[in-house]
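Undergrad: Sequence:
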Amino acid sequence: MVSDLSFQRFLKSTIVLAILCITIVASPIAYLGSIWSVLRDPKIDPLISSKIAELGSIDAIIILNDNSEISKTLVSDILGNNNIFKIYSSIPYIYAKIDLSVLPTLASLNVIYKIVPNIIFKKLFLDRFILFNYKKLQISLEVPSLVNWGLFRTGAIAVWREFNITGEGVVIAILDTGVNVNHPLIGKKMFTINASDPSYPGGWMEFDSRGRPVCSAPHDTDGHGSWVTSIAVGGDTQNILIGYAPIATYMHALVLPTGSGTFAQVLAGLEWAADPYLCNGTKVSQILGRVFKPNIVSMSFGSEGNYSNYLLPAIKALLSLGIIPVAAIGNGGIYTSSNPGNIWGVFGVGSIERDDSVSLFSSGEYVEWPDPPSSWPFKGTYPREYYKPDFVAPGVMIPGAYISEDLLAVGSGTSAAAPALAGIIALGLQAARIKMLNITVSSLYDLLAETTQKYGMDTASRIRYGNGVVNALTFIALILGYKLRNVEGSISQSQYSVGSQGSYSIKSFQKGFTLYIDDQKYISIGSSISFIVPPSDYGDHYIHAFSLEDKIYSYNRFKVFPTIRSTGSYISGSELFLRLDGFPAIETIIIRFTGATNPSIESNIIAIGFPNLRGRIELYVRLPYVDSPQSISVVASDLIGLIGASISMTIYPPLEGTRIVPTTSYDRIQVLVSGPQSAAVGDTITIAIYPYIGGMVLVSNITVYVYRVSFPDGSPQLLERIDRTSVSSLNVKINISSPGLYLLWINASSSQQLGNVITRIEGSAAYAIRALPREELLTIENIYKNISVLSIEIANINYSLSSLIFSVTSLRDMYIELATKYSILYRNIEFLTRELNETKRNISSLQDISRSITNEATRIRDMFYVIAAFTLILTAALGYIIYIIRRRTL
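When we follow this note's numbering, the leftmost residue of the sequence shown carries the number 1, and every step to the right adds one.
Simulated from the structure, these hints should not be mistaken for laboratory data.
By construction, the Cβ of each residue, glycine as well, lies at the ideal position given by its N, Cα and C atoms.
One or more of the hints may lead you astray.
Below are the DSSO-like pairs computed for lysine-lysine, each with C-alpha atoms no more than 27 Å apart in a straight line [unchecked claim]:
| # | residue 1 | residue 2 |
| --- | --- | --- |
| 1 | K551 | K454 |
| 2 | K454 | K507 |
| 3 | K97 | K43 |
| 4 | K551 | K435 |
What follows is a set of in silico ranges between Cβ atoms, one per label pair, in the way DEER data are often shown [what the hints assert, rightly or not]:
| # | residue 1 | residue 2 | range |
| --- | --- | --- | --- |
| 5 | V681 | V143 | 56 to 62 Å |
| 6 | G568 | M457 | 52 to 58 Å |
| 7 | S260 | N280 | 25 to 31 Å |
Generate coordinates for the entire structure from the input sequences, incorporating the hints supplied.
TA: Here it is, written out as structure tokens:
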């Protein structure tokens, strides 16, 4: 009986031991199963799942469902203070290091919405900047020379001058690469609570890659930030026409060092914009004793193809505070968009060209948002499907500030369109304050949409233009109580040259109205206005005609084409003043002589210039020497000859005969010297000298000093002095006796009588002849002959190029059409490729997770085999021991 009981106890012990072994083996498998479940949890971004499974820990952004301290404390306690980089105060985010061991606990919390990677945002800029000297572009004109054509297109200048609305009292926060506060375009415009502090407290903040504030003074790490800032608020209203709201104040957060920034940095910038603070954490509102926040946040950056909700809580915070978020829609072209510009409630802005067409690079699409939130502060809901961009604005070849105060940057991209809209919104907010209107973000959006220039409302148009081209004039007029109706206007012709006259009338309207051509204002008495085309660059220019009293508005465009005008004498050797108008702003323009029978003149480049922002170049050129009249043309064109103009003239040799000019309008004699520039030792050469004034030969007294400079000592030696009185020309013979440099210094003087007053005028010139041994001279002459032959060949090549350019011009339109079709096809392929890559990434993530789990399972399996073997051996040993004991007891 006792032995049976002992055996039963043994069996029970063995069963317990087996259960214990199974539990030990099953626990890791159960844990592994829970990790697998967590990694597939929709709260965990697939990239986080992949990396944390591989590395065991990862830096990530935790997005909370609310911004309560309770939620943040709960999550912080699980993570541990040492693993937390930043807890955002005004928005529901935490940036921390997350270990695989705490991931299941975090995933189980209802307070967590999403765990996402610290993704990268980049500036949305198309090409590199074209840089110019700031001061050199400010050439003297009868109109401002530093201009942004976008102001002309949107009617912003009319808003300044008709309504005195300039953005005063409005604050725009710009998140970008930093800013040069000392640039002339944007100096003294940054907000600060202490004007004597160079760190601009309250108006400037820099953030590191983990979103932590850095105490620093304003600076630009790239140039992009200064550029976009000046497009919003740069310049003034009279002389430097660059920014849309030139009297507005700006703030700037450096979140894109050298052009790109982390998600943590962007979040920090948005949090700072929602409730500005100093680098020590002190809130600006607390210092001022009143609520302080910007009215607008402008963002010229994005993450293309990003349709996630990651930024939604931060944008929601701005919208809830009444801060208007404006963002570039992206430069990926049709069927693409960038986040945050593609978020519902963010005013996503695309780019237009000079002719109102949407830029090929400008993004736009019918957005299908994967996971819209159930509630949203913009228009009360977040639709699953909508069009982007919301609006379009000028974004091509836009001038602005740069890192250096001496430079002006000209660039393109939706990066330029975003601050343009931000500036126009600033004008609208000032107008609303004047009218004491309480305008919400949603209602301001509707006012903008109501007053745009629309180019169709079908799907194809909406994904390019959105609600249309923003119009500052009709937008501000509507806020001020003038709901302008669009009427048809008529312009006398579609193309003009600078300085030509045109006229404009409004159909079926017989009363007076106001007309703006770019920045020039005209007021009509009757039903038509005559105007003079101001200095303008090549391409489209804009007419805004309106009557506030009768609440009518008419918009139109015309093109300006290049012209060349000359002033001066056409006598050989004289200086000719050239004024080039209507050329493409800041593009390389080649100016040359052409059409002459003399090969040394044919296609001779005389200057390379860059038109200012008004399309003007002014320069002096000296006409070549000829011994008989020759017809030539001065031709100016861009590098490939597609855009250009020419002027024809006849050059005359110095006139024969004498003439004393009875006038005192000239104060100097011009001395023309003709002769060889080199000679062989032993030769006798003749130098011809002609004094003239106003293009006519002048009788004068001439003194010629002939020097020789011998090498290597370089000391000048006077060889001869020649004096002649009352001559109209002089031939000087020089015997070339030794190598060196022969110099002629010529003085000419004459007296002119006007009434009883005798005026003495003078002039001088220098001329040099290089004396060489005959063998060396012959070598040089051969080189010159070869150059002459080469010049003729170049002329032939130029002719061939002209034919080629004609062919290129014919093919250009075909290319544009094909490029458009290709762009559409490319975007379709890109969209499908993006979807495929996303699927591949998801599969790759799952594969990584699967491999990690498989490896863990293999390890546990091996452990199980060892434990199972040990258990079996132990069980067998115990059974054997019991068997021996039982036999002995029996």
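Undergrad: Would you mind marking each hint as holding or not holding in the structure?
TA: So, going through the hints one by one against the coordinates:
1. K551 <-> K454: holds, 19 Å
2. K454 <-> K507: Holds - the C-alpha atoms of K507 and K454 are around 20 Å apart, at most 27 Å.
3. K97 <-> K43: Holds. K97 to K43 sits at ~16 Å (cutoff 27 Å).
4. K551 <-> K435: holds, 18 Å
5. V681 <-> V143: 56 to 62 Å: About 59 Å separates the Cβ atoms of V681 and V143, which means 56 to 62 Å holds.
6. G568 <-> M457: 52 to 58 Å: Because 56 Å falls inside the window, the suggested range holds.
7. S260 <-> N280: 25 to 31 Å: holds, 27 Å
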